[in-house]
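Protein chains: 2
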Amino acid sequence: MKTVVVEVSARHIHLSQKDLVKLFGKGFQLSKFKDISQPGEFAAKESLVVKGARDYFPKVRIVGPVRKKTQVELSMTDCYFLGIKPVLQLSGQVRKASQVTLQGPRGQVLAQAIVAQRHLHISREQAKAWKYKTGKKIAIIVKGERAAILDNIIVRVGDYKTHVHLDTDEANAVGLAHNQKVYIYEK
Amino acid sequence: MKTVVVEVSARHIHLSQKDLVKLFGKGFQLSKFKDISQPGEFAAKESLVVKGARDYFPKVRIVGPVRKKTQVELSMTDCYFLGIKPVLQLSGQVRKASQVTLQGPRGQVLAQAIVAQRHLHISREQAKAWKYKTGKKIAIIVKGERAAILDNIIVRVGDYKTHVHLDTDEANAVGLAHNQKVYIYEK
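Taken in sequence, the protein lines are chains A and B.
In this text, residue positions in the first sequence follow my numbering: the first is 333, and each later residue adds one.
In this text, residue positions in the second sequence follow my numbering: the first is 333, and each later residue adds one.
Quick caveat, the hints were computed from the structure, so don't treat them as lab data.
Do not rely on the hints blindly, as some may be mistaken.
[To be verified] Residues of chain B placed beyond 12 Å of chain A at every Cβ, according to the derived structure: (1) 409; (2) 502; (3) 503.
[Unchecked claim] Here are the simulated BS3-like pairs of lysine-lysine, each with C-alpha atoms no more than 30 Å apart in a straight line: (4) B:519 / A:468; (5) A:383 / B:465; (6) A:401 / A:475; (7) A:475 / B:513; (8) A:513 / B:468; (9) B:513 / A:469; (10) B:475 / A:334; (11) A:475 / B:377; (12) B:519 / A:469; (13) A:391 / B:366; (14) A:465 / B:391; (15) B:428 / A:519; (16) A:468 / B:468; (17) B:377 / A:334; (18) A:334 / A:391; (19) A:468 / B:377; (20) B:465 / A:475; (21) B:465 / A:334; (22) B:475 / A:463; (23) A:469 / B:366; (24) A:519 / B:468; (25) B:519 / A:391; (26) B:377 / A:469; (27) A:475 / B:350; (28) A:417 / B:366; (29) A:391 / A:468; (30) B:475 / A:519; (31) A:417 / B:469; (32) A:513 / B:428; (33) A:428 / B:475; (34) A:513 / B:469; (35) A:417 / B:428; (36) A:513 / B:465; (37) B:417 / A:475; (38) B:417 / A:377; (39) A:513 / B:366.
The C-beta atom is built at its ideal place from N, Cα and C for all residues, glycine as well.
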């Protein structure tokens, strides 16, 4: 059976260069706190306040480097806490997201917030071997006290390490920890 | 196919009479905010501060009437927020729970906190018709963008209305709302 490692994403922020300047000032650069598994990406030392209609998180981690568009990734639990409508969407495809306010040391910006749809990042080599194409949907089998099958995991082929990405609600609901291995459910 | 209605439990507190007195003072009685689905139970107007090792929730709802033992029911997300170890357990069977502090207007108490294992409350009539006994494990099928099968749902037969009880992590992970109907997965 095929196995794959699960990574659990806590709430985080991707910033555009333009918004980085607005939030931190001209010439500011993110500093690396630590590398994360996807090549070139890192958790930054910097964090921001994320404000919703009802409440706020005082310290949400920025993930670098800067991207084309600013995007906040939250769990549904986070959205209900903030008092915003949770909008489930594949990361990067922000068409109908909810809005939050990001507050940095030098200013604030409005930003789009989504709940990331669970997905499989897969390397080109592995995708070829498994005959997986971008857009295919797979399911994983989780064992244990909170045993489950999680379906509708969207495949994204690219220059990635091969990992299933879940948010904290999903990982907690099925009792999975970061870097745990699961089986792919063969339909 | 068999269907069942899902109820989503947010974090809440059951209190013993002894702890009610410590927290609210002698002679105090809980007042009803609204009935909840299980016969005789109600959401109280009163709430308490719940403190963990790292952080706290300022306002957690009490569910009445008083019970034999005080018990706090949290999601795993809640436990990580508070900075306590999440202990998955069937409600009422608190053998190895984590501790939190409850703060009321007149005092504070230490209390045991669990993450409730997902379960099916089922009426005696329905259990007879379906041949379900207490302790049996069932699974439910969830459709939609976060489609899943949630397994290891423990059956509890009694003077209940028939409902699957999930916590907020579980409901959010599979995109289920309170009172939604799901299919039971026939193995």
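Structure-based check of all given hints:
{"no.": "1", "hint": "409", "result": "violated (5 Å)"}
{"no.": "2", "hint": "502", "result": "violated (4 Å)"}
{"no.": "3", "hint": "503", "result": "violated (8 Å)"}
{"no.": "4", "hint": "B:519 / A:468", "result": "holds (26 Å)"}
{"no.": "5", "hint": "A:383 / B:465", "result": "violated (47 Å)"}
{"no.": "6", "hint": "A:401 / A:475", "result": "violated (37 Å)"}
{"no.": "7", "hint": "A:475 / B:513", "result": "holds (24 Å)"}
{"no.": "8", "hint": "A:513 / B:468", "result": "holds (28 Å)"}
{"no.": "9", "hint": "B:513 / A:469", "result": "holds (24 Å)"}
{"no.": "10", "hint": "B:475 / A:334", "result": "holds (24 Å)"}
{"no.": "11", "hint": "A:475 / B:377", "result": "violated (39 Å)"}
{"no.": "12", "hint": "B:519 / A:469", "result": "holds (23 Å)"}
{"no.": "13", "hint": "A:391 / B:366", "result": "violated (35 Å)"}
{"no.": "14", "hint": "A:465 / B:391", "result": "violated (47 Å)"}
{"no.": "15", "hint": "B:428 / A:519", "result": "violated (39 Å)"}
{"no.": "16", "hint": "A:468 / B:468", "result": "violated (35 Å)"}
{"no.": "17", "hint": "B:377 / A:334", "result": "violated (51 Å)"}
{"no.": "18", "hint": "A:334 / A:391", "result": "violated (38 Å)"}
{"no.": "19", "hint": "A:468 / B:377", "result": "violated (48 Å)"}
{"no.": "20", "hint": "B:465 / A:475", "result": "holds (23 Å)"}
{"no.": "21", "hint": "B:465 / A:334", "result": "violated (36 Å)"}
{"no.": "22", "hint": "B:475 / A:463", "result": "holds (26 Å)"}
{"no.": "23", "hint": "A:469 / B:366", "result": "violated (42 Å)"}
{"no.": "24", "hint": "A:519 / B:468", "result": "holds (26 Å)"}
{"no.": "25", "hint": "B:519 / A:391", "result": "violated (45 Å)"}
{"no.": "26", "hint": "B:377 / A:469", "result": "violated (45 Å)"}
{"no.": "27", "hint": "A:475 / B:350", "result": "violated (40 Å)"}
{"no.": "28", "hint": "A:417 / B:366", "result": "holds (25 Å)"}
{"no.": "29", "hint": "A:391 / A:468", "result": "violated (35 Å)"}
{"no.": "30", "hint": "B:475 / A:519", "result": "holds (16 Å)"}
{"no.": "31", "hint": "A:417 / B:469", "result": "violated (34 Å)"}
{"no.": "32", "hint": "A:513 / B:428", "result": "holds (27 Å)"}
{"no.": "33", "hint": "A:428 / B:475", "result": "holds (22 Å)"}
{"no.": "34", "hint": "A:513 / B:469", "result": "holds (24 Å)"}
{"no.": "35", "hint": "A:417 / B:428", "result": "violated (37 Å)"}
{"no.": "36", "hint": "A:513 / B:465", "result": "violated (33 Å)"}
{"no.": "37", "hint": "B:417 / A:475", "result": "holds (20 Å)"}
{"no.": "38", "hint": "B:417 / A:377", "result": "holds (26 Å)"}
{"no.": "39", "hint": "A:513 / B:366", "result": "violated (44 Å)"}
Hint compliance for this structure: hints 1, 2, 3, 5, 6, 11, 13, 14, 15, 16, 17, 18, 19, 21, 23, 25, 26, 27, 29, 31, 35, 36 and 39 are not met, and every other hint is.
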